[in-house]
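Please build the complete structure, drawing on both the sequences and the hints.
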Amino acid sequence: MWPRATGACLALLTALSVGAAVPPPLPAEHLGLAKLGAASPHWVWVFDESNNNETDMRLYLYDGDAHRQLGQIDTGFWPGVAMSPDGRTTAVATTYFSRGSHGTRTDVLELTDNSTLSITGEIVLPARHAQTIPLHNAAFSGDGRLVYVTNLSPATSYSVVDLSTKAVVAEIDTDGCVLVIPSGPRRVSSLCENGRLLTVTLDQTGHEASRKVSAPFFNVDKDPIFIQGEPTSNGIVFVSFLGDVYGVDLSGAEPAFAPVWPTMTAAERGKWRPGGAQVVTLHRKSGRLYLQVHKGGDGTHKVTGDEVWVYDTASHKRVARWPIDVKKHGGVQAVKVSQDDKPLLFVLTEASDLLVLDAMTGQSLYAEPKLGQSSWYLLNP
Amino acid sequence: MQQRLDHWAERVSRGIARRTSRRGFLSAFGRTLTGVALLPLLPVMRGSQALAAEPASKAATTDPNACEYWKYCAIDGFLCGCCGGSSSSCPPGTQQSPITWIGTCHNPADGRDYIMSYNDCCGKTSCGSCFCNRNEGERPMYRMSLNNDVNWCMANDNPNYHCSVSVVLGVAGK
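Chain order of the listed sequences is A and B.
Take the first sequence: its letters are residues 1 to 381, numbered as in our numbering.
Take the second sequence: its letters are residues 1001 to 1174, numbered as in our numbering.
Hints should not be assumed to be uniformly reliable.
Stated by the list, open to error - Only pairs whose alpha carbons sit at most 27 Å apart, straight line, appear in this in silico DSS-like list of lysine-lysine:
1) Lys-271(A) to Lys-317(A)
2) Lys-271(A) to Lys-295(A)
3) Lys-1058(B) to Lys-302(A)
4) Lys-1058(B) to Lys-295(A)
5) Lys-1058(B) to Lys-327(A)
6) Lys-328(A) to Lys-370(A)
Stated by the list, open to error - Just some of the chain B residues that point at chain A, by a computed CB distance under 8 Å:
7) Ser-1087
8) Thr-1125
9) Val-1171
These are calculated hints, taken from the structure and not from any lab test.
Every residue gets a Cβ at the ideal spot worked out from N, C-alpha and C, and that includes glycine.
Structure below.
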């Protein structure tokens, strides 16, 4: 038996040595430049806070069907990020230093063509744009002509940038209120420390025409709302630390506040709660609202989620609980749902893993490991 | 001038912190911050209540480079003690932020609540060591004086963020 096996091995080595199995050399390659295909509702933008080197934050464009990264937009130091209403342009309001980490500070609004991921223009800003998390700190007007950029020095205001003239045309004092939440062609709302909503109406040129301050619509001491809101068909929806839902209709001259409804049962309230970086997302057509939750008490509003709970906003009923494999991926930092008829739910975790779920069934479709260094926010047009 | 004003602000805030209740301090100085862009810069009070005393780990009282150390109950950033500084001093070559916010942390070693000033250290890029995010009493950005998401180096000549410290201002009033 042994001599027979040895003989077979020798025969195989002989066959290989005569070169019959050696493939032909590879052809020369040409250095190429990839192009993006047509935009898909299943694309999502992943914001990497680059925690260990914050002057180098960025946005990754990811395809939820092809399961691959498509490209990147650089976003500097603590940017505000906005997508144009038509989805064609990304506006990044950020800070650069002339010597990398130090030197002269320049704040700038950079515009990127989302079909090429190339910068197409910039407008220098007053050097006081708000350096904080990227949500609601830059926004397009409804007609796409203006961009609003939150300022914080720590005095609060926002700059109004006219893209048609590439100029900062006005600075609106917000009297201690923060964020830019756009509605209609020329209205901007901001959240105030007493639970009110400041709404400023601008004229066609971007200057202040009038302002209104609402009555308080949430209790800042007992149950504050997260600043992250999700667009609805007529405005925006917020969620509070204890999980109550606050809908705000911004379609009229003054905001209108919908009745508040709870996502937690009496037994769950204060024990389970939303938490993480970006806690809620809404599929507008189906009215499904997705909330990442964990078990925890006061002070855990940035603790990441263990599960995603799904609600029907018409009936206010919870329709599903989807546990996340947090041992494998870490807890949930952010959720974002696509707005098409076969929506995907993107779930971003502490490990910067991007999970892709069927947003109707919760079925796990894919898990992209470690997409960036500290990717904590998700955006889509 | 800036340095003298900062020292004045620190002395004033420490004195007031010792003499007044937390909410009184908040009402007096929380409003002061808003709209003050150029003056240096009174720390502002966080209206939190220190969490009720919980069983503390050994590191909560003995290891100032551990995130669970008692002074860090609402800090968000890199601990300066891991970056060449300490829990109350900035690393060499950085600059202290003249504006900041204030919280109240419970020291399990002596059972007292202390008023803490959370300052950022500025002028160099992220330290990258000992990241710590705790949020006891932290509130969203619309309550600026209670928020740890903004870059408190924002008013520095070089607003780049490096690391964070937690400085004891005094025992919290009852």
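Checked hints:
Restraint check for Lys-271(A) and Lys-317(A): the C-alpha separation of about 19 Å stays at or below 27 Å, so the hint holds. The straight-line distance between the Cα atoms of Lys-271(A) and Lys-295(A) is roughly 6 Å, inside the 27 Å bound, and the hint therefore holds. Taken as a hint, the Lys-1058(B) and Lys-302(A) pair is honoured in the structure, with Cα atoms around 24 Å apart against an allowance of 27 Å. With a CA separation close to 24 Å, the supplied pair Lys-1058(B) and Lys-295(A) stays within the 27 Å bound.
Simply put, Lys-1058(B) and Lys-327(A) have alpha-carbon atoms about 26 Å apart, close enough for the 27 Å limit, and the pair holds. Between Lys-328(A) and Lys-370(A) the alpha-carbon distance is near 12 Å, which keeps this suggested pair within the 27 Å criterion. A least Cβ separation of about 20 Å between Ser-1087(B) and chain A goes past the 8 Å threshold, and the interface hint is therefore violated. Interface restraint check for Thr-1125(B): the shortest CB-CB distance to chain A comes to about 4 Å, inside 8 Å, so the restraint holds.
With a least beta-carbon distance of about 21 Å to chain A, the hint placing Val-1171(B) at the interface is violated under the 8 Å criterion.
Violation of the numbered hints given earlier is confined to hints 7, 9; the remaining hints are satisfied by the structure.
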